[in-house]
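Asks: Residue numbers (our numbering), protein chains in the order written: chain G, 1 to 139; chain D, 1 to 139; chain V, 1 to 139.
Hints are computed from structural coordinates only; laboratory data are not their basis.
It cannot be assumed that every hint is accurate.
Identical copies look the same in the list; a pair holds intra-copy or inter-copy alike.
[Stated by the list, open to error] Distance condition first, Cα-Cα at most 27 Å in a straight line; then the derived DSSO-like pairs of lysine-lysine:
(1) Lys131 / Lys12
(2) Lys5 / Lys69
(3) Lys5 / Lys43
(4) Lys69 / Lys109
(5) Lys109 / Lys5
(6) Lys109 / Lys12
Every value quoted in this text rests on a predicted model; they were computed, and no experiment measured them.
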Amino acid sequence: MIFQKEIILKPKPRGFHLITQEIISQFSEMTNISRGIAHILIKHSSASLTINENADPSVRNDMETYFNKIVPENATYFEHTLEGLDDMTSHIKSSLLGSSITIPITNGKFNLGVWQGIYLCEHRNHGGSRKVVVTLIGE
Amino acid sequence: MIFQKEIILKPKPRGFHLITQEIISQFSEMTNISRGIAHILIKHSSASLTINENADPSVRNDMETYFNKIVPENATYFEHTLEGLDDMTSHIKSSLLGSSITIPITNGKFNLGVWQGIYLCEHRNHGGSRKVVVTLIGE
Amino acid sequence: MIFQKEIILKPKPRGFHLITQEIISQFSEMTNISRGIAHILIKHSSASLTINENADPSVRNDMETYFNKIVPENATYFEHTLEGLDDMTSHIKSSLLGSSITIPITNGKFNLGVWQGIYLCEHRNHGGSRKVVVTLIGE
């Protein structure tokens with residue numbers, strides 16, 4: 001059984017955001033899958049998806065702080081600067097964190113650890129709505 | 001053909017560990033798959049999985065050294081510090097390296113390069129046992 | 001429907017290279033898949049695959065510049081140095097960026113964003129030909 005759908009995530013401010021419920025609420029089809037996987041791709045190269053801690057908002061704040069330190073907007077060595085200081089740094093963060101995640105499905109639900117959730121990592125100052133393609137494969 | 005199982009990895013000290021054999025030895029079901037994929041997710045946000053060099057232990061040592069440099073525990077900008085200095089840094093390393101890997105299966109075996117193996121990256125000082133969910137999809 | 005094939009990519013100089021067309025041109029089988037996923041693994045631990053911006057070459061240049069800054073070849077803390085200064089740094093870049101990518105397939109084509117493409121990231125000075133295994137799963 002293969003199910004695929006494209007959905008649009010609500011615009012988010014720059015930073016790391018827990019979107020597990022926003023995804024689940026649009027995929028009731030998942031309840032029909034006993035075991036399988038869900039693949040989620042974000043169709044943009046300046047935002048990313050990752051799995052991380054789902055409880056304490058300070059984790060998401062610290063992620064934003066850290067990635068701004070490690071990919072500095074004031075670096076003088078970037079060529080690709082036409083669209084602003086948050087452009088090239090967003091491309092880099094996107095490849096460091098990744099454009100897609102894959103999650104096991106068990107008994108109709110994401111089979112994540114108790115403390116894990118899905119993050120949308122919005123790297124642009126004004127990223128707007130973001131599209132994701134979700135593919136469910138299972139039986 | 002879809003096969004899924006959750007297994008518990010033996011506790012490992014902080015660092016990078018080759019676990020290819022520990023995984024394979026628990027998945028005899030793989031021998032029934034001519035072609036397909038194996039997806040492996042670690043159900044924790046302070047450890048990670050990656051694919052890298054499978055021969056020289058100095059690679060795993062250098063990985064640990066490098067990630068400690070690039071995600072420093074003495075950084076003063078982290079808020080999420082209640083569980084110790086190795087807490088927030090572990091979450092960051094987890095997203096830099098990734099919570100899951102996907103490997104092709106060919107003729108009943110992982111189809112990796114000759115020099116590739118699976119690493120468990122244990123970022124906590126005392127991480128304990130780690131759970132992984134393995135999903136095999138193939139024919 | 002599962003289709004799997006190993007292909008050899010043309011040797012590339014060190015740096016980030018757009019290979020979307022080089023992959024597509026060797027997978028006419030994809031046109032038979034209405035919906036599914038493509039998994040691509042590079043069988044080497046000193047090169048990697050990522051998805052990023054597909055238009056402006058300065059993005060690929062800036063990626064190379066950035067990863068050389070963040071994983072410096074003149075670091076004195078590496079043990080694994082027998083094969084040259086670009087050896088251990090290539091292993092690290094490989095795990096930061098990742099050995100494999102998964103892309104949705106829709107109506108016979110990769111379902112990527114308009115501005116997304118597949119990068120081969122060649123981290124060695126003389127990497128030579130690189131092998132990838134592509135697995136298509138769909139219906």
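Asks: Looking back at the numbered hints, which does the structure fail to meet, lowest number first?
Replies: Failing hints, ascending: 2 and 4.
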